[in-house]
Amino acid sequence: MSDASSATTPVLEARGLVKRFGRVTALGGADLELYPGEVLAVIGDNGAGKSSLIKCLSGAMEPDEGEMYLNGERVTFKGPPDAQAVGIETVYQTLAVAPALDIAENMFLGRERRVAGPLGSIFRKVDKRGMRRQAKEALDELGIGTLQDITQAVETLSGGQRQAVAVARAAAFGSKVVILDEPTAALGVKESGQVLQLIGDLRERGLPVILISHNMPHVFEVADRIHIQRLGRRATVVTPESHTMAEAVAIMTGAAAA
Amino acid sequence: MTSATPVDDATGLLSQSRTPLDQLQHALHKYPVLSPALVLIVSGLVFTMLGDGRFHQPSTIGIMLQQTAVLATLAIGQTLIILTAGIDLSVGTAMILVHLVIARMVAFGATVPIAGWVIDPIHPVFGLLLGVLLGLFLGAIHGGLVTRFGLPPFIVTLGTFYVYQSLGNVYSKAQTTSKEALGDNGETRDVAEGLLLVLGRGISIGTMRITVGVLLALAMYVVFAYILSSTAWGRHIYATGDDAEAARLAGINTRGVLISVYMVAGLIYAIGGWVQLGRSLSASSNAATDINLETITAVVIGGTSLFGGRGRLVGTLIGAMIVTMFDTGLSLAGVDAFYKNLAIGLLILFAVALDTWIRKVGK
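Listed in order, the protein sequences are those of chains A and B. 13 is the number of the first residue of the first sequence in this note's numbering; add one for each residue after it. 497 is the number of the first residue of the second sequence in this note's numbering; add one for each residue after it.
Fair warning: there could be bad hints in the mix.
[Stated by the list, open to error] A partial selection of chain A residues facing chain B, derived with a Cβ cut-off under 10 angstroms: (1) A72; (2) D76; (3) G91; (4) V109; (5) A110; (6) A112; (7) R237.
No lab work stands behind these hints, which were simulated from the structure alone. Ideal placement from N, C-alpha and C gives every residue a C-beta, glycine not left out.
Next up, chain A with everything else stripped away, as it sits in the complex:
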């Protein structure tokens, strides 16, 4: 890499990640660097190891080999909570929200707050009102306050709104990195536009974003740099300025050398 950002320490860095499933090698020594304040897109053909790479970074999967660094410090994740604890939040392709729970409950799922006093410490009562207020604030901050009723079950929302809830959750808790896995895959044109705008908003707030996507126009619209994954490794990193979509796709599929 030759761009100026190589001078600074990456926020998140992976070196030589290896992940095997039986005889299949999903990751064969993959590297990745994410720099402060950037949107890094990760593209790759099916089976290139995008999902495995992201699962390692988000703690959903443990690599067999390789190291990861957060702001230069070595980190290891035994599960998603470990990654969350150091400020890495992930929005999964599968829309990891619980449909029957409401918006506020989803935003605080797995990290519920308890009310102050003995009611909280002895009777373990969760602070529903406080969590609803904070959820509302987080949504307003991202300009998606149009979700009017914070106690609405998530299943009553449209796909774009659900995605907005998931992104808002990541933005509210992700102090270091937000990872978005195919956030627009299940969405229509208009809803995709809203999610891309959310990504722009996150960057403006100084949160670096890793965006995994199959959608080249989306990638070229929002990404600062594009990590091209091929055959379990990083083929190269390009920028929307340095390469055209056709060139990036050619590298991704192996039609052109990196």
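Given chain A, work out where chain B should sit, using these hints.
Quick look at chain B alone, frame taken from chain A:
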């Protein structure tokens, strides 16, 4: 950039003109207890009109509450498990096994086979403690098989259903432990009578008799309704049943949730066994034979989804009361007992169809 584009169909969803049917669907989606409550009230009225006037007598209501107590207690455990998208077919036989162990250890002690050790009859307090430990152990087996080996809860508990039934018969030699053996002969057993059978005691309000067992069951509903709605563990049960993978990715220890739910259900076997001792004032492997499926019936009629993740505990209480009410009401109305299961069966089909319809909200 500060004011992002409004997600414009957020309000559109609500402002769309709705048919009355849509409104009903949304109301039931938001308040799933509405339909069982309606069934309870309507069927109560119907049975009152059908019968010869005995149905709505305070004494009959008291007896129905006593009959509901064991079912309602066990149905709490069943609700927790079904909320995680699991099922427990063995809840009744597990309770029977536990209550046999409590009763027989207190009444007779035991002789350990092969080794030939003789264990003297134990104090009722230790009897109940032993029951709790056994219940937790059985629950841990279920939870372990489901989480560690990934076996479907349906198959696990189908297997344990037969195992516990058989063990209960073998252990008790299918003999009933009488009230006398459990308590009221001899001076040394006074404490036993006070403890093992205490849930059968009660107070009479006019001709209506309310037992301690009924009060205990109701108290447990209050406690568990609070736990489900207001603690993180309770919310995690819903999230795990709703979408286990989403819950795991959100950072919830879903295995821990499942194991703890099965163990709490195990604890409830022991409490249910205690309520059963107070109800029948004896212990028998032939008691409460229908209760396995009846707990599931109560949960489903109560509006809890078999697919997990949605339902209210109070619905289960209403469901349990509906089951007992049909039983008593139909027989008091002089309807052939064979029709009881027909009615219950139709009610289950209705409840499940309703649940499927309600879950389509927003799709």
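Here's how the hints hold up against the structure:
| no. | hint | result |
| --- | --- | --- |
| 1 | A72 | holds, 6 angstroms |
| 2 | D76 | violated, 21 angstroms |
| 3 | G91 | holds, 8 angstroms |
| 4 | V109 | holds, 6 angstroms |
| 5 | A110 | holds, 4 angstroms |
| 6 | A112 | holds, 4 angstroms |
| 7 | R237 | violated, 21 angstroms |
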